[in-house]
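Take these sequences, add in the hints, and give me the full structure.
This is what each chain is made of:
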Amino acid sequence: MNDIFGPLWAPYVGYILVGLVIITLVVVMAVISIYLERKIAAFMQMRLGPMRVGKWGTLQAFADVFKLMLKESLTPAQADKQLFHIAPYLVLTVSFLAFAPIAFSPTLQLWDMNIGVLYITSISSVGVIGILMAGWSSNNKYSLLGAMRSGAQIVSYELSAGIAILTIVMMSGSLSVSGIIQSQADGWWIFKGHIPAIIAFVIFAIASTAELNRAPFDLAEAEQELTAGFHTEYSGMQFAMFFLAEYTNMFIVSMLGTTLFLGGWMPLHIANWETFNHLMDKIPPFLWFFGKVFISLFMIIWFRWTFPRLRIDQLLKLEWKYLLPIGMVNLVIGAIVTWLGWIF
Amino acid sequence: MSQPVEEAIKKIFPELTLTSWAQFPAIEISRDSLLSACEKLTTHPDLRFDMLVCLTAVDRTPRLEVLYHLRSTTHGHELIVKTELDESQLEIPSVVSFWKAAELFELEVYDMFGITFTGHSDLRRLFMPDDWDGYPLRKSYKASEVADNYLKSHQLLIN
Amino acid sequence: MNMEQHIESHIIQSSDDEFIINVGPQHPSTHGVLHLQLKLDGEKIVDLRPFLGYIHRGIEKMSESLTYKQFIYLTSRMDYLSAHINNQACCLVIEKGLQTEVPERAKVIRTLMAELTRLASHQLWWGSTGLDMGAVSPFFYAFREREMILEIFEETCGSRLTMNYCVPGGVMNDIHPDFVRKVKQLIKQFRENIHEYDELLTGNPIFQSRTQGIGYLSKEDAIALSCSGPVARASGISCDVRKKNPYDAYDRVSFDEIIATEGDCFARYRVRLEEMKQSMNIIEQLIDNIPTGEYRTKIKGIIKLPVGEYYQRVETARGELGVYLVSDGSNKPYRIKFRTPNFSNLGALKPMSLGGKIGDLVAIMASLDLIIPDIDR
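Protein chains in written order, with numbering that gives the first Met the number 0: chain Z, 0 to 343; chain A, 0 to 158; chain F, 0 to 376.
Hints were generated in silico from the structure; no laboratory data involved. Any given hint could be a false lead.
Said to hold, decoys possible - Okay, derived cross-link-like pairs now, EDC-like style, lysine to aspartate or glutamate, Cα gap no bigger than 20 Å in a straight line:
#1 Z:LYS140 / F:ASP46
#2 A:LYS138 / A:ASP49
#3 F:LYS331 / F:GLU17
#4 F:LYS356 / Z:GLU245
#5 F:LYS60 / A:ASP49
#6 F:LYS218 / A:GLU144
#7 F:LYS299 / F:GLU100
#8 F:LYS276 / F:ASP255
#9 F:LYS60 / A:ASP147
#10 F:LYS349 / A:ASP85
#11 F:LYS349 / A:ASP121
#12 F:LYS181 / F:GLU63
#13 F:LYS349 / F:GLU219
#14 F:LYS60 / A:GLU144
#15 A:LYS138 / F:GLU59
#16 F:LYS297 / F:GLU103
#17 A:LYS81 / A:GLU6
#18 F:LYS243 / A:GLU77
#19 F:LYS297 / F:GLU283
#20 F:LYS181 / F:ASP287
#21 F:LYS60 / A:GLU6
#22 F:LYS183 / F:GLU283
#23 F:LYS95 / F:ASP250
#24 Z:LYS38 / Z:ASP312
#25 Z:LYS140 / F:ASP287
#26 F:LYS218 / A:GLU102
#27 F:LYS242 / A:GLU144
#28 A:LYS138 / F:GLU63
Shown next, in the form of structure tokens:
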């Protein structure tokens with residue numbers, strides 16, 4: 000790189016290249032998860048899903064994105080133009096930024112900062128601003144209602160998700176992503192940490208589904224009630240950005256859950272089963288990582304197509320009366336367990 | 000089962016003649032005694048007509064007949080109450096205070112026949128647009144003429 | 000009055016903290032073109048006003064210029080999910096007027112078709128209830144069995160939704176030779192699969208928390224509003240027309256009338272689920288014993304009912320349908336009034352939803368199972 004561009008430019012070119020790689024990776028993963036969602040939903044509903052575009056419908060997501068790019072992006076006449084245009088970019092950028100500290104394998108990590116986990120949760124919180132911007136600037140009663148519901152939901156559930164994450168951080172003693180993964184070298188936290196980790200995992204799963212605005216917590220987009228919620232007025236490429244951001248967030252949440260609870264790229268080792276462990280080591284780490292991510296993704300998709308929707312007050316009650324107190328008690332138990340060394 | 004109700008009606012409304020409408024006993028009440036009759040029909044223990052099954056009208060020009068089909072869920076008997084209105088005076092008191100179901104039924108009769116129900120809180124046209132001319136279920140109503148005039152006046156006809 | 004004044008006159012007076020939302024007429028969850036104007040205080044509904052007429056086709060007026068045989072076909076389009084039962088009501092009224100005897104075979108066939116219609120209607124209702132609550136998958140499961148029923152209809156009657164199979168005097172054509180076999184197959188499959196209905200929705204805690212205690216309709220209110228069908232039966236009123244005034248073959252089958260007392264959305268849901276099972280019982284009792292004989296009594300010439308008034312009521316999937324017919328002796332009805340169940344059930348919407356939230360309104364509308372063309376006619 001130095002030879003081609005000279006020492007002054009090389010680092011910046013490097014950064015740009017890496018950024019492009021990440022963007023491509025994100026887009027590819029989002030497209031895969033869109034395809035997965037449609038196929039899984041279809042099989043659960045006794046039908047086939049996309050079958051015509053590409054072999055077994057694999058190119059369907061590309062066709063959809065292509066169509067959305069060609070559509071006209073309408074801006075409502077009375078909308079606040081600057082905010083209206085910034086909102087989708089904000090939501091999408093925030094999703095991309097959260098990929099920075101994630102470790103796909105021991106050698107593939109963009110930026111191993113020492114506060115990786117904290118960075119991910121903080122950056123995801125900024126996404127709420129984008130949603131509220133979208134709802135407000137659309138100048139539409141329905142979008143406003145949808146955005147406010149969404150905002151209330153995300154802000155509440157961040158607390159529970161944060162406490163669940165905190166439990167693991169406390170047990171592993173590190174905020175950095177590589178540190179947490181290393182601490183799982185002798186067993187994934189969901190096995191090592193027994194009760195506090197399992198409860199934290201369940202709370203994290205529920206809270207993250209709520210943060211993603213997915214069923215059963217998808218009030219903000221409840222088509223049957225308020226058309227499409229905060230992104231009612233968006234069309235064309237801007238709608239595609241919200242759409243893409245939702246699936247990217249799904250991925251981030253799965254990856255975070257995998258890193259914290261399921262060992263990241265660590266293979267499954269069972270103590271004293273040497274041959275088994277050798278076999279597990281043969282599978283490359285990034286396959287381990289993506290395998291676990293896809294299992295979490297499957298669970299999230301499964302939830303959406305099985306459960307009916309909760310009402311806003313039931314949703315908030317679930318958070319404030321059940322998840323948060325249980326999470327806090329669990330945190331204390333986790334602290335005691337760690338202090339006493341009662342970990343496998 | 001309708002024997003008891005006919006006897007009860009003869010006892011409570013001795014001034015009325017009992018006729019029949021389809022398979023039900025029927026009585027005819029004048030517009031002015033409608034409310035007091037409904038009072039008796041709903042509260043008298045032998046009658047107790049607590050359900051208004053249907054409220055409709057029939058155009059027998061020059062008169063319009065308003066029909067009330069009543070049923071008692073406690074005794075099981077049914078009755079038809081008829082009121083005749085003259086074409087020139089299409090007003091009748093509303094029975095909403097006795098049966099809440101009358102609210103929607105009366106709106107439909109107002110819309111379709113032009114009978115005003117005094118005492119109804121929100122008398123508006125139900126099916127037809129607010130500025131529609133005429134009352135569709137009257138025999139004198141000519142559907143195609145009214146529709147054409149409406150479209151023309153709202154500049155909705157494509158020439 | 001021009002359009003602006005027209006719209007203005009419909010805006011409810013509101014203070015500053017309340018705002019007005021129009022739900023519909025085009026809306027995925029109102030089961031038809033129903034326009035509701037809601038006055039909201041935050042999330043709470045403070046006032047509700049329905050606006051009708053978007054699908055008013057003037058069926059009653061049109062019937063006055065059609066002959067007796069012709070107007071029956073218009074009634075399929077009222078409550079299109081109980082199309083057969085609507086036709087049956089009209090045929091029964093004409094037969095009552097002419098005092099014709101309907102052959103036993105025709106009675107049993109008409110009853111079987113009516114119960115199949117009721118089953119299909121409740122299945123669609125179940126699927127769309129799940130859909131309204133946010134659970135998409137139940138919709139597909141509901142349609143799996145409904146498809147079988149619609150195929151049976153298509154074979155015998157020629158059409159899936161608006162059958163026009165009933166004619167005064169009997170049915171238009173004899174049943175298809177495969178009818179009995181296919182209906183038995185359907186019942187067998189449905190009985191095996193009905194536990195899925197309970198697993199997917201009935202036992203789901205989220206569904207229960209969204210329907211239990213929501214949309215309470217007291218018995219007095221239900222009577223005062225003339226509600227009928229599952230809406231009334233879930234509030235404790237015994238009003239099944241098939242039991243109270245049996246018609247066609249209902250006097251020779253035994254089935255239970257399902258009554259619940261809680262009066263909330265979940266009670267209405269349960270009543271309809273149980274009614275599906277009762278429909279299956281009725282079909283099973285009749286399917287093996289279809290009497291042989293004529294399927295129709297030929298009515299000669301043009302039908303002219305004697306001067307007078309005639310009335311018949313039937314139990315559609317949604318409640319009591321009453322047909323009032325005034326005849327002046329000619330070959331066209333002088334006045335027909337259809338007392339449709341959904342018209343009165345709509346009146347129950349306001350007392351049930353005031354004070355609740357919009358999410359509750361969706362649950363209430365799903366449990367009321369309104370069909371708007373039935374209201375507008």
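Here is what the structure says about each hint:
no.: 1; hint: Z:LYS140 / F:ASP46; verdict: holds (18 Å)
no.: 2; hint: A:LYS138 / A:ASP49; verdict: violated (32 Å)
no.: 3; hint: F:LYS331 / F:GLU17; verdict: violated (51 Å)
no.: 4; hint: F:LYS356 / Z:GLU245; verdict: violated (27 Å)
no.: 5; hint: F:LYS60 / A:ASP49; verdict: violated (30 Å)
no.: 6; hint: F:LYS218 / A:GLU144; verdict: violated (46 Å)
no.: 7; hint: F:LYS299 / F:GLU100; verdict: holds (14 Å)
no.: 8; hint: F:LYS276 / F:ASP255; verdict: holds (10 Å)
no.: 9; hint: F:LYS60 / A:ASP147; verdict: holds (17 Å)
no.: 10; hint: F:LYS349 / A:ASP85; verdict: violated (34 Å)
no.: 11; hint: F:LYS349 / A:ASP121; verdict: holds (14 Å)
no.: 12; hint: F:LYS181 / F:GLU63; verdict: violated (39 Å)
no.: 13; hint: F:LYS349 / F:GLU219; verdict: holds (15 Å)
no.: 14; hint: F:LYS60 / A:GLU144; verdict: holds (15 Å)
no.: 15; hint: A:LYS138 / F:GLU59; verdict: holds (12 Å)
no.: 16; hint: F:LYS297 / F:GLU103; verdict: holds (14 Å)
no.: 17; hint: A:LYS81 / A:GLU6; verdict: holds (18 Å)
no.: 18; hint: F:LYS243 / A:GLU77; verdict: holds (13 Å)
no.: 19; hint: F:LYS297 / F:GLU283; verdict: violated (29 Å)
no.: 20; hint: F:LYS181 / F:ASP287; verdict: holds (12 Å)
no.: 21; hint: F:LYS60 / A:GLU6; verdict: violated (37 Å)
no.: 22; hint: F:LYS183 / F:GLU283; verdict: holds (8 Å)
no.: 23; hint: F:LYS95 / F:ASP250; verdict: holds (17 Å)
no.: 24; hint: Z:LYS38 / Z:ASP312; verdict: violated (32 Å)
no.: 25; hint: Z:LYS140 / F:ASP287; verdict: violated (58 Å)
no.: 26; hint: F:LYS218 / A:GLU102; verdict: holds (18 Å)
no.: 27; hint: F:LYS242 / A:GLU144; verdict: violated (46 Å)
no.: 28; hint: A:LYS138 / F:GLU63; verdict: holds (10 Å)
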